[in-house]
Amino acid sequence: MLLCIWRCFSVNKIVERYQRKVKDLHSLNTKQIQENTQVKEGDDINITKKLEQLEVSKRKLLGDGLDSCPIEELQQIENQLERSLTKVRARKNQLFREQIETLKEQVINVMLLA
Numbered sequence: 001m002l003l004c005i006w007r008c009f010s011v012n013k014i015v016e017r018y019q020r021k022v023k024d025l026h027s028l029n030t031k032q033i034q035e036n037t038q039v040k041e042g043d044d045i046n047i048t049k050k051l052e053q054l055e056v057s058k059r060k061l062l063g064d065g066l067d068s069c070p071i072e073e074l075q076q077i078e079n080q081l082e083r084s085l086t087k088v089r090a091r092k093n094q095l096f097r098e099q100i101e102t103l104k105e106q107v108i109n110v111m112l113l114a
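In UniProt numbering, the protein residues as written are 1 to 114.
It is possible that some hints are incorrect.
Calculated cross-link-like contacts (lysine-lysine; reagent style DSSO-like; alpha-carbon spacing at most 30 Å) [what the hints assert, rightly or not]:
hint	residue 1	residue 2
1	K104	K87
2	K60	K92
3	K23	K40
If you're looking for bench data, these hints aren't it; they were derived computationally from the structure.
Construct the entire structure; sequences and hints are all you get.
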């Protein structure tokens with residue numbers, strides 16, 4: 001009989017410890033979820049701000065919203081546009097050269113076949 005009581009008592013202690021551990025884990029998981037949610041919300045805010053900054057920059061590069069820009073910013077925008085234009089012109093010239101070479105080869109091939 002004592003053995004049965006001791007076993008029941010021991011089992012009850014084990015169940016109680018298990019329930020405490022489950023409660024502690026649940027509490028810990030809830031805290032982690034809350035912390036992760038706060039981090040994600042912070043990331044969302046940062047991404048939203050960055051997107052807004054990119055939109056403003058895009059509008060300025062397109063020539064919109066320049067009324068409130070100081071001279072220094074306008075000069076920076078102008079420099080950026082000049083660098084971009086230089087790249088565009090270089091690419092366009094490269095394509096023209098390639099087309100000219102292709103046309104020259106076609107003329108030579110036509111002349112050889114004639």
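These are the hints, each one checked on the structure:
no.: 1; hint: K104 to K87; in the structure: holds, 26 Å
no.: 2; hint: K60 to K92; in the structure: holds, 24 Å
no.: 3; hint: K23 to K40; in the structure: holds, 26 Å
Going down the numbered hints, you'll see the structure goes against none, and every one checks out.
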